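Mind docking chain D on chain G? Use the hints.
Chain by chain, the residues:
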Amino acid sequence: MKEKFMQHITSSEITSESIYTNRRIFLKALTATASLAGTATLSKENSIPDKNYSIPKFTRNKQYSLQESSNTYNDATTYNNFYEFGTDKSDPAAYSKGFKSKPWTVEISGEAEIRGKFTIEDILKPHPLEERIYRFRCVEAWSMVIPWMGFSLADLINRFRPTANAKYVVFTTLHDPIQMPGQREKILDWPYVEGLRIDEAMNPLTLMVVGLYGRWLPNQNGAPLRLIVPWKYGFKSIKSIVGIRFTEKQPRTSWNIAAPEEYGFYANVNPDVDHPRWSQAKERRIGGNYLSPRIQTLPYNGYATEVSALYRNMNLSRYF
Amino acid sequence: MLEIAGRTLGVNPVRTLLHFTGKTSLNLLIATLLVTPLSVWSGKKMLPSVRRMLGLYTFFYACLHFLIYISLELDFNFKDLRIEITKRPYIIIGVIALIGLTSLALTSTRKMMRRLGKKWQYLHALIYPISILTVVHYYWQVKIDVREPLLYAGVLSFLLFWRLLRKVYKTN
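Going line by line, the protein sequences match chains G and D.
My numbering puts the first residue of the first sequence at 730, with every later residue one more than the last.
My numbering puts the first residue of the second sequence at 13, with every later residue one more than the last.
Here chain G stands alone, though its shape is the one from the complex (with noise of 0.2 Å):
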């Protein structure tokens, strides 16, 4: 299986020996200090804003991480879409200063014995934190690999014994134009929805995130809870969740409303499909340089062992 899973690992995947090196200083750093002392003499790169956080406890799934993270935190932390913040790359990072992630409250819905509100801390509580180091492909052509922090979201989803019923999860994002200044533009119907099927969902790859690089999501990244789906197109990875419902119908996600030729609801990367107006055979690994060239796009995203049969006998151009 961990052979399988490795088989795709490019050279160009893999970090210099030096900033591997650092990586592994740092994440000692975080996990053996409490405060934050211990990280003042490393890089600017790897610097992390000043929040007063506890330092989560996690272990590395080595099953499920590549052998090496190749974007820094800066990388992962200021170029982002996270409309609900601003269209531009660094408006989430720009405007997402003052968001509250505390308290939180999850509603679970729909097709569930237990339903209800509950708070970020409930919904935690049972589940040890792993680190997973996944490719993460947007729709716009770039890609960067990242060490999330979470927990299978299976995991989650058992303990709200859903129904026979239970064909879809439906994810929604907070609504707060207050403090989501993008969301007083209607660039995307809000609130952001998203969705998977209940298999899709129930895969041991599909995570409940609540960190990347030891430490808890910053804003810009979805804090404090987000979703990722490593063989689906970014824009599935659903960021702030405050519901999880459960349907027997497949909802209408918002990029596929906002434009539903050029986005569908299964968004599975696929260098043979393109987009309507570009080419998704290749992709931009962020964190090189004006020189580093565009590497070939996988089929799902390097995942296709372990999620292909998901897909068997589907028309994937139809169902893209």
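Keep in mind that the hints are not guaranteed to be accurate.
Claimed, not checked - Some but not every residue of chain G turned toward chain D, in silico, with C-beta under 7 Å:
| hint | residue |
| --- | --- |
| 1 | D804 |
| 2 | Y808 |
| 3 | T816 |
| 4 | A893 |
| 5 | A895 |
| 6 | Y1019 |
Stated by the list, open to error - In silico BS3-like links for lysine-lysine, alpha-carbon gap of 30 Å or less:
| hint | chain 1 | residue 1 | chain 2 | residue 2 |
| --- | --- | --- | --- | --- |
| 7 | G | K1011 | D | K91 |
| 8 | D | K179 | D | K56 |
| 9 | G | K829 | D | K155 |
| 10 | G | K915 | D | K155 |
| 11 | D | K35 | G | K915 |
| 12 | G | K826 | D | K155 |
| 13 | G | K978 | D | K155 |
What the hints assert, rightly or not - A few chain D residues that face chain G, going by a derived Cβ cut-off under 10 Å, partial list only:
| hint | residue |
| --- | --- |
| 14 | N24 |
| 15 | L29 |
| 16 | P49 |
| 17 | P60 |
| 18 | S83 |
| 19 | L86 |
| 20 | D87 |
| 21 | N89 |
| 22 | P101 |
| 23 | I103 |
| 24 | Q153 |
Everything labelled a hint here was simulated from the structure, so no lab data went into it.
Just so it is clear, the structure is predicted and the values come from calculations on it, not from any experiment.
Note that CB positions come from ideal geometry on N, CA and C, so glycine has one too.
Same frame as chain G, now just chain D:
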């Protein structure tokens, strides 16, 4: 060295360069189209060389934009380039606009102006369809937030309608 410069251009320097050169070219194009109305409104005759210079700068940045596209974005992969140029509408009209700008730049000298005579006027009226193509090129590559391309479309429409009305008014 390149890496150091790369930092100042954000984490996706190629995209930053593409957007910067494209936007600059478009801004210069709008500035070029503003020369005539500004001189009419102010009553001050502006030197035709100002307009020519702005036009040539527009062409210069459009060339940079295209060169960055085929070198840093497509890594000189001419198979990719062929597909992009034939398959992607926003690339196709971008290339057409660049070809148009090239023909204007090549005939921008005083010598060519004299040689072409009346034909020069007709040829250089190409700047109007080129400017429309340029704005559509911008509009089509934006993912969903079209507010800025629409703003450019508004300004351009104003500049083109102003010319049209003036022409109609003059001929009557």
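Against chain D, with CB atoms and a cut of 7 Å, does the hint on D804 of chain G hold up? 5 Å, holds
K826 of chain G and K155 of chain D: Cα distance at most 30 Å? Holds: K826 of chain G and K155 of chain D sit about 25 Å apart, inside 30 Å.
Pair hint K1011 of chain G and K91 of chain D, alpha-carbon separation not exceeding 30 Å: 13 Å, holds
Are P49 of chain D and chain G close enough, Cβ to Cβ, to be under 10 Å, as the hint says? With a closest approach of 31 Å, the P49 of chain D hint is violated.
Have a go at the A895 of chain G hint: is there a Cβ in chain D nearer than 7 Å to its own Cβ? 31 Å, violated
With a cut-off of 10 Å on the beta carbons, see whether N89 of chain D makes it to chain G. 8 Å, holds
So, as I understand it, the hint says I103 of chain D touches chain G; can you test that by seeing if any CB pair is closer than 10 Å? Holds, because the Cβ-Cβ distance from I103 of chain D to chain G comes to roughly 9 Å (cut-off 10 Å).
For the pair supplied as a hint, K35 of chain D and K915 of chain G, is the alpha-carbon distance within the 30 Å limit? Given that 30 Å is the threshold and the Cα spacing comes to 24 Å, the pair holds.
Checking one constraint from the list: CA of K829 of chain G to CA of K155 of chain D, max 30 Å. Satisfied? 29 Å, holds
Double-check T816 of chain G for me: the hint is only fine if its C-beta lies closer than 7 Å to a C-beta in chain D. 4 Å, holds
Closest C-beta approach of Y808 of chain G to chain D relative to 7 Å, hint status: 5 Å, holds
Does the interface hint hold: is L29 of chain D within less than 10 Å of chain G, judged Cβ to Cβ? Holds. Min distance 8 Å.
Violated hints, listed in ascending order, are 4, 5, 16, 17; each of the other numbered hints is respected by the structure.
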